[in-house]
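K.L.:
Order-wise, the sequence lines are chains A and B. Counted the way the working numbering counts, the first sequence spans residues 1 to 305. Counted the way the working numbering counts, the second sequence spans residues 306 to 641.
A hint or two may mislead.
With a straight-line cut-off of 27 angstroms between C-alpha atoms, the simulated DSS-like cross-links for lysine-lysine are [claimed, not checked]:
| id | chain 1 | residue 1 | chain 2 | residue 2 |
| --- | --- | --- | --- | --- |
| 1 | A | K220 | B | K432 |
| 2 | B | K455 | A | K220 |
| 3 | A | K125 | B | K328 |
| 4 | B | K614 | B | K603 |
| 5 | B | K452 | A | K305 |
| 6 | B | K317 | B | K369 |
| 7 | A | K296 | B | K452 |
| 8 | B | K369 | B | K328 |
| 9 | B | K628 | B | K599 |
| 10 | A | K220 | A | K303 |
| 11 | B | K452 | A | K220 |
| 12 | A | K305 | B | K455 |
| 13 | B | K614 | B | K599 |
| 14 | A | K80 | A | K68 |
| 15 | A | K125 | B | K369 |
| 16 | B | K455 | A | K296 |
| 17 | A | K220 | B | K388 |
| 18 | A | K303 | B | K455 |
| 19 | B | K452 | A | K303 |
| 20 | B | K432 | A | K216 |
| 21 | A | K216 | B | K455 |
| 22 | A | K216 | B | K388 |
| 23 | B | K369 | A | K216 |
| 24 | A | K125 | B | K388 |
Just so you know, these hints were derived from the structure itself, not from any lab. Quantities reported herein were computed from a predicted structural model and do not represent experimental measurements.
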Amino acid sequence: MGSYIIKRIAVGIVTIFLVATITFFLMYLVPGGPFLSEKSPSKQTIEALERKYGLDKPVYIQYLNYMKGLIKFDLGPSLKMRGREVVDIIKTRFPISAKLGGLAMLLAICIGIPMGIFSAINRGKWFDNIVMVICTFGIAVPGFVVATVLMYFFGVTLHILPTRGLDSPAHYILPVTALAFYPTAYISRLMRSSMLDVLGQDYMRTAKAKGLSQFKSLFKHALRNAVLPIITYLGPALAYILTGSLVVEKIFTIPGLGRQFVSSITDRDYPLIMGLTIFLAFLLITMNVIVDIVYKIIDPRIKLK
Amino acid sequence: MSKVLLDIRNLKVSFFTPAGEVKAVNDVSFSINEGDVLGIVGESGSGKSVTAYSIMGLIPFPGKIVGGTIDFNGHRINDMTEKELRSMRGNEVSIIFQDPMTSLNPVYTIGNQIKEVILLHTNLNRKQANERAIELLKLVGINEPEKRMKQYPHELSGGMRQRVMIAIALACEPKLLIADEPTTALDVTIQAQIMELMTELKNKINMAIILITHDLGIVSRMCEKIIVMYGGKIMEQGTIDDIFYNPKHEYTKGLLRSIPKLTAKEHEKLIPIEGTPVDMLNPPAGCPFAPRCKKCMKICLKKMPEYTKISDTHYSACWLLQKEEYEKSTGVIKGE
Ligand SMILES: Nc1ncnc2c1ncn2[C@@H]1O[C@H](COP(=O)(O)OP(=O)(O)O)[C@@H](O)[C@H]1O
Ligand code: SF4
Ligand SMILES: [Mg+2]
Chain A
1 MGSYIIKRIA
11 VGIVTIFLVA
21 TITFFLMYLV
31 PGGPFLSEKS
41 PSKQTIEALE
51 RKYGLDKPVY
61 IQYLNYMKGL
71 IKFDLGPSLK
81 MRGREVVDII
91 KTRFPISAKL
101 GGLAMLLAIC
111 IGIPMGIFSA
121 INRGKWFDNI
131 VMVICTFGIA
141 VPGFVVATVL
151 MYFFGVTLHI
161 LPTRGLDSPA
171 HYILPVTALA
181 FYPTAYISRL
191 MRSSMLDVLG
201 QDYMRTAKAK
211 GLSQFKSLFK
221 HALRNAVLPI
231 ITYLGPALAY
241 ILTGSLVVEK
251 IFTIPGLGRQ
261 FVSSITDRDY
271 PLIMGLTIFL
281 AFLLITMNVI
291 VDIVYKIIDP
301 RIKLK
Chain B
306 MSKVLLDIRN
316 LKVSFFTPAG
326 EVKAVNDVSF
336 SINEGDVLGI
346 VGESGSGKSV
356 TAYSIMGLIP
366 FPGKIVGGTI
376 DFNGHRINDM
386 TEKELRSMRG
396 NEVSIIFQDP
406 MTSLNPVYTI
416 GNQIKEVILL
426 HTNLNRKQAN
436 ERAIELLKLV
446 GINEPEKRMK
456 QYPHELSGGM
466 RQRVMIAIAL
476 ACEPKLLIAD
486 EPTTALDVTI
496 QAQIMELMTE
506 LKNKINMAII
516 LITHDLGIVS
526 RMCEKIIVMY
536 GGKIMEQGTI
546 DDIFYNPKHE
556 YTKGLLRSIP
566 KLTAKEHEKL
576 IPIEGTPVDM
586 LNPPAGCPFA
596 PRCKKCMKIC
606 LKKMPEYTKI
616 SDTHYSACWL
626 LQKEEYEKST
636 GVIKGE
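Isolated chain B, as found in the complex (with noise of 0.2 angstroms):
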């Protein structure tokens, strides 16, 4: 069994804008173990890529860490002062942002903006990170390598930009890379291309991978274990097989309901979940999937339920599944 080398516990994060608290990440608890990829799926705006930059205390302002710990490598991120932070930051932590487009400073050229990190968190000279820059590049499969590293970032396209970030990101060799959908702004094409260039990079190098999305097509083919967030919670989370062919919320029965099958016709359609997503200015007082599930229940408006466990690997967060548990453990046949 592999070493735990993210420990996120209780993890509540809430930006205090002038409208009121947005509880952005609200009770987050997972782990991932050295050399792991872990997939975090749900909708736009349901905190993932907040949970994300609180590893890496990069949390905008007005946000804060309000709870919970967050403990890397046997260190906890909440205690780390900033330069123990920037110390980690690029170096045994990295991420790669979705749009490549703006992620790049214009104005330096491709080799500076690589070379920086280099320098920042290695022994190397100039001339060696000179080198080891190139290395990265040819590592990220971009071609002439000497010649990209003289050119400025509106001379490449998305995808090498991409390609680009993903060699800043892996410069150091971190322990962690974090993935905060990545390939959503490129297309189809370039992004079947850059999932394929990061799980070849990952059995090269032994990393661990948060990979975030809110396609689960992309995760079925990288990850061992997802995660399925929603207003700020995490609704169930387990393997790869637990939540494709054992999904037990209604939240992800929902969202793979939406995805396209890897069988369908053209016609087929995708049916996507209906409702809006949640407001979190005024977050519901229960389940925050309540308002657009079909099987809410009246306790559901009232009260979060607690996770159920279905198995060693597999935890999801829904009434019913309280509900199923309780009249299994009492003997209560279920009344149709």
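Chain A with its partners taken away, still in its complex shape (with noise of 0.2 angstroms):
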């Protein structure tokens, strides 16, 4: 386990160097600037602040400088939000959309799991069929009519809940359900076609055979092994929904760090996408060590390599 975990954060740190590379070169191809969008600023003063953030240099020479700072975990300036360094902008907002993805996917979890057992037992009765009408809809539907409905719902139309910011606890409800609508309907159908498939193993027979009751061999037998397909969804679903959303953060006024993804490559805020981009795949090499690790427990037939 100890040399396997080493041998994961070596190629992860590799990944990241490449992950790093590849962002950095296809930002340079990509036409457009930082400074460009502004209210169209002299040439002189574009030409100053490129020369302030080293954008004058070299391609190549960035590139190393880049690096460089990157082996101290140090991301670099920010060049839309001027004085902020981009690991600060990580820290203060991260936390932020990590609570709300958090949460849902605790909720996603806590309703997913139970509804895709109990479907998977009833499996063609009303309230499987009610579940899974339930679950495509939620697959199907995009997350921004999620949110747009609950806020004109919940907040606009009955004024029972806040719409905006993160002030109390009950603002986080909405935000929250709006978030982990879709991961529910998700795990909810995968866990019940994992056990359904689980239901109809032999070794199921066996402890039926033995004299166990179904509430025995369901909890004991089939849910070790029919959860483990959602171990592995949870692993890089985790790392999205953690580093925030989009929609819901746009629609609910939320600062995390899901808004700043895409405003930092409408900005072409180098050095943020850039930290961004390296924050998600090191989250998500991180949630996939852990998804292995998870999985080797629940599964001894793993073989961790």
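Two independent chains are provided; combine them into the complex using the hints.
P.N.:
Below, the structure is given as structure tokens:
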């Protein structure tokens, strides 16, 4: 296990450097620049700014400078939010998104898994049919529709829940619900199909033949096997949901990381784009390692290599 | 004369599939005495497993017992509640399934899976259950039992896993052990070892065994009584001698021709029964074997024959026998 983790960390570092390199040169190829969009500053101003941030240097020098910083966890200054470091921006905004995303995922797991199990054991009955309709709906409807409808209904029409910012616990309800919608539906469906698969396995028949109750065979023998696909899904899903959703953060006016992704791109804020991409890559890699370890704990057949 | 342990009368089990009713077991009757070994043979799909599962109340959805009675040890299984069935399963009646590779849960240790059944049906505490499990592993011939207890199914070979399944089945010293093709998935040498183990255990613990197989060779070595099933019905039943030396049913004769003789030379070919197994969704009105039977007569297609009693132990359902009997009783000389 120890050597596996060390190996994964090494591979992770290499991956992050590759991601950084590819992103860097892709950005360089895309036309436009960070200072163009502002109310057309003079040529001199632009040149001065480019000099200040080292954008006048040859691209390979820029690349080397960036990589030097990256090694020291220095992601450079933001070009748009003057005077702020990219690392700072991530540090202040990530916890906000992570809290929302974490709560949403927790909700999705707490609802999705029981719903999937219950659907599977009542396969073909009305409960299952209703859940399947809801899940298909939940997976098909885009996030902005869910968020808008929730906001309109509970915030605007009924006036029972706040819709802007995150000042009180009540403020969390709508954005968390909106965020949880898709993963809940997805987890339910995944859990259902995985459970159905497990229920048909020979060892479930063995469990019954031993005289175990349905409850015991379900919770001891089926659940542990059926939950494996959920674990696999949760790794990357968590990385994405923790880094925030543009739609939900925009609609509910939340200063999270999700909005930053999009604005950094439209702004051509090179260091911020780089920083966020690398951060997401880092989270994804970490989550995948965690998934592998959890998987190994649940399923002894898995060999970590 | 020993006591009747299991008595099945006119058992009918159907699967209600979207395509229609599949009469998987259709009017099956037999009984087993305490300590007996009964073999059920027949091609795949003939209803052997379903018959066995119905004894344990294990018939999978959409199957249902639609008729008949099952009495086990003086209790009517048909009338049992789920709770009563549970306390019987794995305790008084145990089953070993065909595929040892998939019958154990991959995420729990061998020890855990053996102890589970002990803790469920006995008053032993964890420590005692642990000791009992080790003892069982020794009993089924597994070396280093303490070490095996902590291993997972995937760390054991197929033969080992089937031994573990046997250990689980024997954990509560059942009165009846059902072995549903216990060696089909294993290779020949392991097959022999497992059968040997079962015979040995049978002599140690006085339990009855129902041995389901499509291998007549295995049956001849282990069983006292044999049931030959086809198309959800019993075609013939009798003792080993009845079935092997005096087969009366055309299907039994076909089965016997299809097994290799102990004296057979390498090049002697097996003669499989021609034709395809019966379509259970649309079974023939009469004898299920009629479409494949070389001696099929008009009446065979229309009506299922009654059982003809050949001796106290030997019964067979074939129109040829009925005809013979009729001719004997009326004194009509069998015309060529
Ligand atoms: N789960 C099921 N659903 C529908 N039909 C089934 C099911 N299980 C068994 N059957 C039917 O019951 C018949 C007998 O099956 P089975 O007892 O498993 O045969 P055997 O054990 O002799 O090979 C099969 O031919 C099949 O048509
Ligand atoms: S009853 Fe008729 S069809 Fe069936 S086995 Fe006998 S002779 Fe053949
Ligand atoms: Mg079978």
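K.L.:
Tell me if the straight-line CA distance from K452 (chain B) to K220 (chain A) falls inside 27 angstroms.
P.N.:
This hinted pair holds, its Cα atoms lying about 23 angstroms apart.
K.L.:
Holds or violated: are the alpha carbons of K317 (chain B) and K369 (chain B) at most 27 angstroms from each other?
P.N.:
9 angstroms, holds
K.L.:
Please work out if K303 (chain A) and K455 (chain B) have their alpha carbons no farther apart than 27 angstroms.
P.N.:
Distance ~17 angstroms between K303 (chain A) and K455 (chain B) Cα, so the pair holds.
K.L.:
K80 (chain A) and K68 (chain A) were given as a pair; does the straight-line alpha-carbon distance stay at or below 27 angstroms?
P.N.:
22 angstroms, holds
K.L.:
Need the status of pair K455 (chain B), K296 (chain A): alpha-carbon distance at most 27 angstroms?
P.N.:
16 angstroms, holds
K.L.:
Under the criterion that the straight-line Cα-Cα distance not exceed 27 angstroms, is the pair K369 (chain B), K216 (chain A) satisfied?
P.N.:
24 angstroms, holds
K.L.:
Decide if the proposed pair is consistent with the structure: K216 (chain A) and K388 (chain B), CA atoms, cutoff 27 angstroms inclusive.
P.N.:
13 angstroms, holds
K.L.:
Is K369 (chain B) within 27 angstroms of K328 (chain B), Cα to Cα?
P.N.:
10 angstroms, holds
K.L.:
With a cut-off of 27 angstroms on the C-alpha distance, tell me whether K125 (chain A) and K388 (chain B) pass.
P.N.:
Distance ~24 angstroms between K125 (chain A) and K388 (chain B) Cα, so the pair holds.
K.L.:
Next pair to validate is K452 (chain B) with K305 (chain A); report whether the Cα-Cα distance is within 27 angstroms.
P.N.:
With a Cα-Cα distance of about 24 angstroms, the restraint between K452 (chain B) and K305 (chain A) holds, given a limit of 27 angstroms.
K.L.:
Given the hint that K305 (chain A) pairs with K455 (chain B), does the C-alpha gap stay at or below 27 angstroms?
P.N.:
22 angstroms, holds
K.L.:
Holds or violated: K125 (chain A) with K369 (chain B), Cα cutoff 27 angstroms?
P.N.:
18 angstroms, holds
This entry satisfies every hint, going by the numbered hints stated previously.
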